[in-house]
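Trainee: Sequence:
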Amino acid sequence: AVYSAMFQPDIREKLIFTFAMLVIFRFVANLPVPGTNPAQLAAIFESSTVLGFLNIFSGGALQNMSVAAMGVYPYITSSIVMQLMVPLVPTLQALSKEGEQGRRQIQIYTHWMTVPMALVQGYGQLVLIQSQGGFAGTAGIGFSGAQALPTLSMIITMAAGTMFIVWLAELISEKGIGNGISIMIFAGIIAGLPQFVAGQLYTGTGDTVSSTILLGGLMIGLVYLIVIVQEGKRQIPVQYSRSVFRSGRMYRQSGQTHIPLRVNTVGMIPLIFAFSIIIFPAYVGSIFATSSNDFVASGAEWIQGVFDPGNFGYWVFLFVTVVVFTFFYTMVIFQQQNLAENLQRQGGFVPGIRPGRPTEQYINRVLLRITWGGAFFLGFVAVAPFIFATIAGGNFALTGRSQAFGITSAGLIIVVGVVLDTLRQIEAQLLQRQYEGFIK
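Final position of the sequence shown in this note's numbering is 474; the numbers increase by one with none missing.
Worth double-checking, as some hints may not be accurate.
[Unchecked claim] Computed Cβ-Cβ distance ranges for the label pairs, DEER-style:
id : residue 1 : residue 2 : range
1  : G136      : G381      : 20 to 30 Å
2  : D342      : Q135      : 41 to 51 Å
3  : S207      : G407      : 25 to 35 Å
4  : M197      : Y274      : 41 to 51 Å
5  : F198      : P271      : 43 to 53 Å
6  : S187      : Q395      : 51 to 61 Å
7  : H145      : I254      : 33 to 43 Å
8  : F414      : G339      : 24 to 34 Å
9  : G266      : L464      : 18 to 28 Å
10 : S207      : G339      : 38 to 48 Å
11 : Q463      : I262      : 41 to 51 Å
12 : Q269      : L118      : 26 to 36 Å
13 : G266      : G381      : 23 to 33 Å
14 : G407      : F61       : 35 to 45 Å
No lab work stands behind these hints: they were computed from the structure.
Think of the CB as a built atom: it goes at the ideal place given N, C-alpha and C, for glycine as much as any other residue.
Between the sequences and the hints, there should be enough to build the whole structure, so can you do that?
Mentor: This is the structure:
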């Protein structure tokens, strides 16, 4: 499809435009924020699992402490919050039913929410890095004395970098190929993934070759599973029957189509949400672990122990969180689409099912059944490091190779999903050109 697209001038221009935006994104990802020490940051990122996970999804921008250190994740967080608010806020619910204009207004609200979200997440990342010793030898992070101005400048610069990347992503969606936000995340993972995996694989001794072969085999199998899950769907038949008045006479029209319900409707969102939740307690515990108050310090150490990857309960909690949020977010997205109501309005119906409420209940039942597969698959990806360490004969702790597999497996879902979606869009564009040529 990509080869054929290069012979279509307009599609070729879109591909070139998309590539140009990605080049600009990678350039921005290497512009450091003032007041940081790259060598010191590189040392702490090598020893921190939490920071390593965040860094791989920023394409190495976080380790460089660049203006693009947060990527588009404040925007993703804002989108999730906004989608969760739509069923709860009557004004937003009314906007969601107004078609394209309503969705555009909700999108504007999401952009507004991204600004404070980026400021808060920017400060959180700076505090997290400081807790790991990332700003040793400097004034540090804070809003008093000599810390205030450098802290404000870093937070504002990082927030501005996020908004700039979101703008580039919107340009890709409008003038390029594919979903801009997904393309940006894809570019960040592709840029940082090979170096991370290579670094993790070749830090061990003795069993490096066997572990590398095992990792490679697992990754190939995982790609196969991802394609099956991402492409898996249940086709619900829909028939249309309506009367059309034409040329002074009434005609009866009918047709049949399908509603595709995907096994994994929500993509990587549950994984991002679950990792954000499970990282937060450990992050708070690391801040208060050095408190002068013994009660606070012991409580912080207990929290760190509970949410330590070496604890079996950590993986159980992570798996359950991913599965529960997959169901919850799937149902939220489905409710916003109003499929049953739209079908009834357009004269469509599911054969054997009455229109309206019975149709909605039927689609809900089907969606819940097929979501089990997607939810458990995402849960498997979340606990992949534990599974890999167990297969390799290790313990519950994250070894370098199991961490590499876990982060790679999470990234592969995004990479494979974006590639499949982009290829579908290119094929749709090519098919449209063929029909246009036939009509002419």
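Trainee: State for each hint whether it applies.
Mentor: Going through the hints against the structure:
About 23 Å separates the C-beta atoms of G136 and G381, a value consistent with the hinted range of 20 to 30 Å. For the hinted restraint 41 to 51 Å between D342 and Q135, the CB-CB distance of approximately 49 Å keeps it satisfied. Between S207 and G407 the beta carbon distance is about 29 Å. The supplied range of 25 to 35 Å therefore holds. Under the hint 41 to 51 Å, the C-beta atoms of M197 and Y274, about 43 Å apart, fit the expected range.
Between F198 and P271 the Cβ separation comes to about 46 Å, which falls inside the hinted range of 43 to 53 Å. Hint check: S187 to Q395, Cβ distance near 55 Å, so the stated range 51 to 61 Å holds. Taken as a hint, the range 33 to 43 Å holds for the pair H145 and I254, whose Cβ atoms sit roughly 40 Å apart. For F414 paired with G339, a C-beta distance near 25 Å keeps the hint of 24 to 34 Å intact.
Under the hint 18 to 28 Å, the C-beta atoms of G266 and L464, about 25 Å apart, fit the expected range. In this structure the hint that S207 and G339 lie 38 to 48 Å apart at CB holds, the actual value being about 44 Å. Range check, Q463 to I262: Cβ separation about 26 Å, and the 41 to 51 Å hint is violated. Look at Q269 against L118: about 29 Å separates their beta carbons, and that is inside 26 to 36 Å.
Taking 23 to 33 Å as the suggested C-beta distance range, the pair G266 and G381 conforms, at roughly 29 Å. Our hint of 35 to 45 Å for G407 and F61 holds, since their Cβ atoms are close to 41 Å apart.
Violation of the numbered hints given earlier is confined to hint 11; every other hint is satisfied by the structure.
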